[in-house]
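S.K.: Each chain, letter by letter, is given below.
2 protein chains.
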Amino acid sequence: MSSKQRIVVIGAGFGGLSFIKKIDKRNFDITVVDRNNYHSFPPLFYQIASCGLEPMSISFPMRRELRSKKMRGVSFCYGEVSCIDTLNRTITTEYQTLHYDILVIAAGTTNNFFDIENLRQRVCTLKSTSQAIRTRNEILLKLERAAIEHDPDLRRRLLTFAVIGGGPTGVEIAGALGEMKRYVIAREYPSISPDEVRVILAEGSGRLLHTMSEASSEDALRDLRKLMVDVRLNKTMRSYDENDLITFTDGDTIEAGTLIWTAGITAETFNFKGSAPSQTSGGRLSVDEYNKVAGTEGIYAIGDIACHSAPAWPKGCPQLAQVAIQQGKRLAENLNSPDRRRPFVYNDKGSMATIGRNRAVVDLRHVHFSGWFAWITWMYIHLISLLGMRNKAVVLLNWIWSYFTFSSSLRLIMRPSSNPSSSNKIRS
Amino acid sequence: MSSKQRIVVIGAGFGGLSFIKKIDKRNFDITVVDRNNYHSFPPLFYQIASCGLEPMSISFPMRRELRSKKMRGVSFCYGEVSCIDTLNRTITTEYQTLHYDILVIAAGTTNNFFDIENLRQRVCTLKSTSQAIRTRNEILLKLERAAIEHDPDLRRRLLTFAVIGGGPTGVEIAGALGEMKRYVIAREYPSISPDEVRVILAEGSGRLLHTMSEASSEDALRDLRKLMVDVRLNKTMRSYDENDLITFTDGDTIEAGTLIWTAGITAETFNFKGSAPSQTSGGRLSVDEYNKVAGTEGIYAIGDIACHSAPAWPKGCPQLAQVAIQQGKRLAENLNSPDRRRPFVYNDKGSMATIGRNRAVVDLRHVHFSGWFAWITWMYIHLISLLGMRNKAVVLLNWIWSYFTFSSSLRLIMRPSSNPSSSNKIRS
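Chains as they are written, first to last, in this note's numbering: chain G, 1308 to 1735; chain Z, 1308 to 1735.
Only part of the chain G face toward chain Z is listed, based on derived beta-carbon distances under 8 Å:
1. Tyr1345
2. Phe1367
3. Arg1370
4. Tyr1385
5. Thr1436
6. Asn1444
Some chain G residues flagged as far from chain Z (calculated, every beta-carbon gap over 12 Å):
7. Gly1513
8. Phe1577
9. Ser1585
10. Gly1590
11. Glu1596
12. Ala1617
13. His1689
Derived, one-sided and incomplete: chain Z residues facing chain G with beta-carbon distance under 8 Å:
14. Tyr1345
15. Ser1366
16. Ser1382
17. Ser1435
18. Ser1437
19. Arg1441
20. Tyr1496
21. Arg1697
22. Val1701
23. Ser1716
24. Ile1720
25. Ser1724
Bear in mind the hints are in silico, worked out from the structure with no lab data behind them.
Don't be surprised by glycine CBs; every beta carbon is placed ideally from N, CA and C.
Next up, chain G with everything else stripped away, as it sits in the complex:
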């Protein structure tokens, strides 16, 4: 080992990656730890679930990425961090314990089920590649099951897909399901009439995409309704029982065989030994304007898991890729030259969401636009953000393909064989 200070980064997402790109490898020893051996691309998880893309085409192996010029010398450790010992300055995964001088927590968020009973076990989610694959399998299995089901009630239940949460992910998966109903089911499931398939999107607040402009909310609502998505606003879910019955706080109910949950996120949690950091709502770690975690030494947090309340953002910056990327970059710059360090200020470049083919909404600082050009913009931005030329090429190929064929050939129910899972085996 060298005498350099050792920085351990937890999480190879947008934040972690932008940090290790920028940090000066001559002054620091960098180790990045992730529970996956690849960098994944959350904005497109919904396209895995809706059979638009191969999971692998939006994932990129970390070790491959670390070969790139900017990353040389960074080492990778595969494993899930369970414990952070702030006294001895170590982190522990299922495989090893690592020492750090400086710790950068960029672990992001996970689903928040608000303690609704059995929800974790019963619903489909989209917070990781694995979850998205499972959601895809669920959707396809429901269709196969319905295709041979004669009992009208059971058919109706199997063919009802409820999406809870009207944020970008909820809107995008609902739109994709709307398209599937329109273009795919009609052609490939002769025993299912598209009218039997119901896609319902329930949002707790008064409008969709409430982090975006009013105009975007309206456009998204209009576009989803065009796709025959049954959008219900001001609906907060109370329960989802064994009989697939969704009950809302206002008493309304829906029988839905598939429930896709995009209604809440909470920070990833760790078992802290020593001084535990102070947390804000949603379990986020409160950080100062230099992303230093309050109440700790040598620990920084960036991205969705960090919460820095600035005048402009009293509740902390929005949990977006843009924020994570900018925080990672700024933190690296500050560590590279501590004497010239600058506080973090979020530069909002705008946000966007897509609602099926030819439809998207884009909010830039002073302008909102939607429709075909917004859709092209959305595709372009996401394509260039993907790691790896091969992935860019495969994703582009898939998009062009499905644009002209109105379908993809990725409607596959696929899992690793059910032999004892690798992870168990290797831990033994």
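Chain G is already provided as a structure; the job is to place chain Z on it using the hints.
M.R.: Leaving out everything else, chain Z in the frame of chain G:
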């Protein structure tokens, strides 16, 4: 339902597919049943395991395929056939019971573990897409685990990959692992020296690829040794214990953390009610020259699961895609025009295997060749045999990509999330 005779086909592999392509849909009602909702491509499973291809790019959704002109009117049922009732002429899956007038069994084969203790649970296999994905995960996990392991014995065990069985699959996966060692590990696992990685291929007989020509066997042996694969002939495995110790019948032992089993196949089995068909070695169903299953009425078998002993093939035709495709076609022709039916005769068009980049062996009826041209031939034949233009394009893209970069970006440890598996959920 129409008054046409109803044909149920079990299995949408090479045999089943070639049958339903050719059978006359005006005279018969066709239903194909498969445990997967896609047609998969076994010859390339080893490339899934060795991270060369996405699983999805060599799989094609049955419902999409059934939209093609030749297939119009064929219906698909997702499910695994457990029981065949020859008295009432029904088959039963986990979801339904179907009546047939004519049954075509094209269910293929599965791994044969020869009752070696715990083998089923302990080894990696390559007989299905799911198994190949699991094998890929295992290989990558071993590398990640070794990258942070300091105990030399455990390192050695984690970095020893044993392939049992020197047929095409065994040769191809061993070659792919040899390349991984040479081109990938050296660059991406700084803490692992390529010399630490051992790839061992053990074959029970005196030569590799014993279904092919002597020349092919010798070329394959030479090429594998060039790739530093430790090939051991006349080695039959006796056991594989909890300490990863492989013991051969001659007393030799190897400690291997990963064992890839390609040494035996046996026919898929069904629970027969009524007259059970007579079976041959490996559980294959004995059929006559018209592929009618001996001792049954209206039941035919084609492909790997069928065994027709002709003078040329006393032990039955080899279990190859070519045989399945030709039998499917001939059976369909015979059912289309019973008055002009012809016995099945296998037309051996030759066989091939590949051993890493630029290396392959090809046996045609009267000519053997190997090397670069054989490799190009191998790629061409496999590419055109894939279903779906998109898949052809993605696979070609991947191959060109890895040819020039000496690596792929598919080294991803990926599984669906561990929530209760879809299949259980849907069966409940």
